[in-house]
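Undergrad: Let the sequences and hints guide you as you build the complete structure.
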Amino acid sequence: MKLASDRTARKLRAGGLALPLVAFVFLSFLAPLGNLLTRSVHEPVVADALPETLRALEGKWSGGLPPEAAFDAIARELPAARETRQIGPTATRVNRRESGMRSVIVKTARRIARFESRAEAGEPWRRLLPEIDEAWERPESWQAIRAAGERFTDRHYLNAVDLDRDASGDVVRQPAERRIYVSLFLRTLAVSLGVTVLCLLIGYPLAHLIANASASTSRMLLLLVLVPFWTSLLVRTTAWIVLLQQQGAVNDLLVWIGLVADDARLSMIYNMTGTFVAMTHVLLPFMVLPLYSVMRSIPKVHMDAAASLGAKPTQAFLRVYWPQSLPGVAAGSLLVFILSIGYYITPALVGGQSGQLISNMIAHHMQTSLNWGLAAALGGVLLLAVLALYLIYDRLVGIDKLRLG
Amino acid sequence: MEHSVRLPLARRLGRRTYLTLCGAGFAFLIAPILVIVPLSFNAEPYFTFTEGMLRLDPEAWSLRWYEAILAPENGWGAALANSLLIGVAATVIATILGTTAALGLASDAMPFRRLAMGLLLSPMVTPIIIVGVGAFFFYSSLGLAQTHLGLILAHAALGAPFVVITVTATLAGFDHTLLRAAASLGAGPFTAFRRVQLPLIAPGVASGALFAFAASFDEVVIVLFMGGLEQRTIPRQMWSGIREQISPTLLAVATLLIVFALVVLVTVEWLRRRGETPA
Numbered sequence: 000m001k002l003a004s005d006r007t008a009r010k011l012r013a014g015g016l017a018l019p020l021v022a023f024v025f026l027s028f029l030a031p032l033g034n035l036l037t038r039s040v041h042e043p044v045v046a047d048a049l050p051e052t053l054r055a056l057e058g059k060w061s062g063g064l065p066p067e068a069a070f071d072a073i074a075r076e077l078p079a080a081r082e083t084r085q086i087g088p089t090a091t092r093v094n095r096r097e098s099g100m101r102s103v104i105v106k107t108a109r110r111i112a113r114f115e116s117r118a119e120a121g122e123p124w125r126r127l128l129p130e131i132d133e134a135w136e137r138p139e140s141w142q143a144i145r146a147a148g149e150r151f152t153d154r155h156y157l158n159a160v161d162l163d164r165d166a167s168g169d170v171v172r173q174p175a176e177r178r179i180y181v182s183l184f185l186r187t188l189a190v191s192l193g194v195t196v197l198c199l200l201i202g203y204p205l206a207h208l209i210a211n212a213s214a215s216t217s218r219m220l221l222l223l224v225l226v227p228f229w230t231s232l233l234v235r236t237t238a239w240i241v242l243l244q245q246q247g248a249v250n251d252l253l254v255w256i257g258l259v260a261d262d263a264r265l266s267m268i269y270n271m272t273g274t275f276v277a278m279t280h281v282l283l284p285f286m287v288l289p290l291y292s293v294m295r296s297i298p299k300v301h302m303d304a305a306a307s308l309g310a311k312p313t314q315a316f317l318r319v320y321w322p323q324s325l326p327g328v329a330a331g332s333l334l335v336f337i338l339s340i341g342y343y344i345t346p347a348l349v350g351g352q353s354g355q356l357i358s359n360m361i362a363h364h365m366q367t368s369l370n371w372g373l374a375a376a377l378g379g380v381l382l383l384a385v386l387a388l389y390l391i392y393d394r395l396v397g398i399d400k401l402r403l404g
Numbered sequence: 000m001e002h003s004v005r006l007p008l009a010r011r012l013g014r015r016t017y018l019t020l021c022g023a024g025f026a027f028l029i030a031p032i033l034v035i036v037p038l039s040f041n042a043e044p045y046f047t048f049t050e051g052m053l054r055l056d057p058e059a060w061s062l063r064w065y066e067a068i069l070a071p072e073n074g075w076g077a078a079l080a081n082s083l084l085i086g087v088a089a090t091v092i093a094t095i096l097g098t099t100a101a102l103g104l105a106s107d108a109m110p111f112r113r114l115a116m117g118l119l120l121s122p123m124v125t126p127i128i129i130v131g132v133g134a135f136f137f138y139s140s141l142g143l144a145q146t147h148l149g150l151i152l153a154h155a156a157l158g159a160p161f162v163v164i165t166v167t168a169t170l171a172g173f174d175h176t177l178l179r180a181a182a183s184l185g186a187g188p189f190t191a192f193r194r195v196q197l198p199l200i201a202p203g204v205a206s207g208a209l210f211a212f213a214a215s216f217d218e219v220v221i222v223l224f225m226g227g228l229e230q231r232t233i234p235r236q237m238w239s240g241i242r243e244q245i246s247p248t249l250l251a252v253a254t255l256l257i258v259f260a261l262v263v264l265v266t267v268e269w270l271r272r273r274g275e276t277p278a
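So the sequences go chain by chain: Y and V.
If you read the first sequence in numbering that gives the first Met the number 0, its first letter stands for residue 0, the second for the next number, and so on.
If you read the second sequence in numbering that gives the first Met the number 0, its first letter stands for residue 0, the second for the next number, and so on.
Simulated from the structure, these hints should not be mistaken for laboratory data.
Certain hints may be false.
According to the in silico footprint, chain V covers these stretches of chain Y (three or more CB under 8 Å from chain V) [said to hold, decoys possible]:
1. 9-18
2. 199-213
3. 234-247
4. 373-383
Cβ coordinates follow ideal geometry from the N, Cα and C atoms, glycine included.
TA: In structure tokens, the structure reads:
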């Protein structure tokens, strides 16, 4: 009895100590992520701006066009939305369904006041609206409003994987020129894989050398890994721009040696090469450090034993050393891969047009195209991928071993 | 002597290749950082070594880009003040909450230990663009976008995992009988923590705090999405410098940041060694 309550008390104490940070992470970190995920499916702007119109659009339309009530409702609600400055966001969202609708809606909202007197005299909006813009005669315009008025939508996620819904609500592929996201996701995965492999190829011998050198040499070499690790990401990116640009040190050197003609300097930055080089540089320490910590614990006598039993060096490496270093390979590779698929800063600064990854597309939709719902959905897909990798990492390596330094 | 260490030719070649590869690897890691330092003393507004610099002509070297940092109109002073304010405040929050949480997580009685650890460390691996966009949405709805407080809270969440990791690692080597000894001598739990445990885990706490500070001091994406003109930090300032018109002043700032990184690195290594030696 006493023991059980003692155990409970210790449990409560441990949980209580962790609770403040758990609560803080919930509020300052998970709540923002939740907000992002909500936005990817929840789009209330049109529904809030045109509630009565949308109600009138429900049900069956006779003769292709909605009932007159819809014309009357939108004639009331568009000017009201203009008053509350919601007309721009509303028009933008309808326009994503049917291009051209943005100007139709903004124009109608502006001009409707001029037709009020005729409407009061008894002329129906059903006739007046097409006078402002003949788009109101087309069923597609109304269908676009009805579609944009859905409060909850899977459209952003469909768009994020190059799908869409057609007029009848069936899921279809986007037209070929708008299929860009799946290939961008694939490109991001390919680049991440490439960077991971490069980091492993470069990092494995480095970690091996550090782990097997004498104590003082090992400390010196470790510093060569830790200095870039601690140096600001932006500093390292600046350094690569300075080194790799057309008038930069590497090109100067190549010209001076005579490998490259002065008028044919290599473009190594603001393209995919730049992204690859800079990302590999930034992420290499994340490969070397976990590899090193595993290799340090592999007893040196194992290789000697293999050799004394007649194994050739390659054989001894493949059969004795490599299997023991695998935990480090897994830890380093997964970490580098996880960090690279979400990479933003380096591609944004040195990737140019061709070296952009999925994160950069999210930023583009946030800052330039202002399609926040799509940005959120792309973020949701990316988050899902990272979460899956994180769980694999936990299974294979253990989150406790996650160490960035 | 010569005879005893002679290896077969193939082995020697293999060893030579291996060392060359390693040399190239280390050069790749360190060269960009080494190149940027001398270039920051270039008297000309170029990003490459001028002939004068290579001849070590004193005329070709200058401190003009360092003077440019000090000019108030370039905004580096204000950026430093912002970076320090946000970084220090975020570090304080992250260190207090992170250390407390680590004390709980290190206990074998901790309920849902794995889940809690996974949750608390998740900010480290979440793509920063998602954090930035989410923070923009969420903190805007609270009216905290474009405020220092909003950035401090967001940065504290990014820094806390580092504190959790370093402190739990230090606690793994902590001898819990010391706490019982303190209790038997009449110390309450808080006194025992403050007078016995905290001094012993202090190196871990300090290096966690340094990690958290460095994370905030180098963070640009959240600032980019959430910060306004009043919250321009050093990385934010460098970001626009790199995007718009890369100026040699950037190289001078970069050099100072490299020096800062060296100081942090040496401190962390010193703390690590202190933490390892039994007190």
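Undergrad: For every hint, state whether the structure bears it out.
TA: Tested hints:
With 9 residues having a beta carbon nearer than 8 Å to a beta carbon of chain V, the segment 9-18 of chain Y meets the requirement of three or more and the stated coverage holds. Only residues whose beta carbon comes within less than 8 Å of a beta carbon in chain V count, and the segment 199-213 of chain Y has 5; three or more means the coverage holds. Residues of the segment 234-247 of chain Y with a Cβ under 8 Å from some Cβ of chain V number 12, which satisfies the need for three, so the listed coverage holds. A count of 5 residues in the segment 373-383 of chain Y with a Cβ less than 8 Å from any Cβ of chain V is obtained; the coverage claim is therefore met, three being the minimum.
Going down the numbered hints, you'll see the structure goes against none, and every one checks out.
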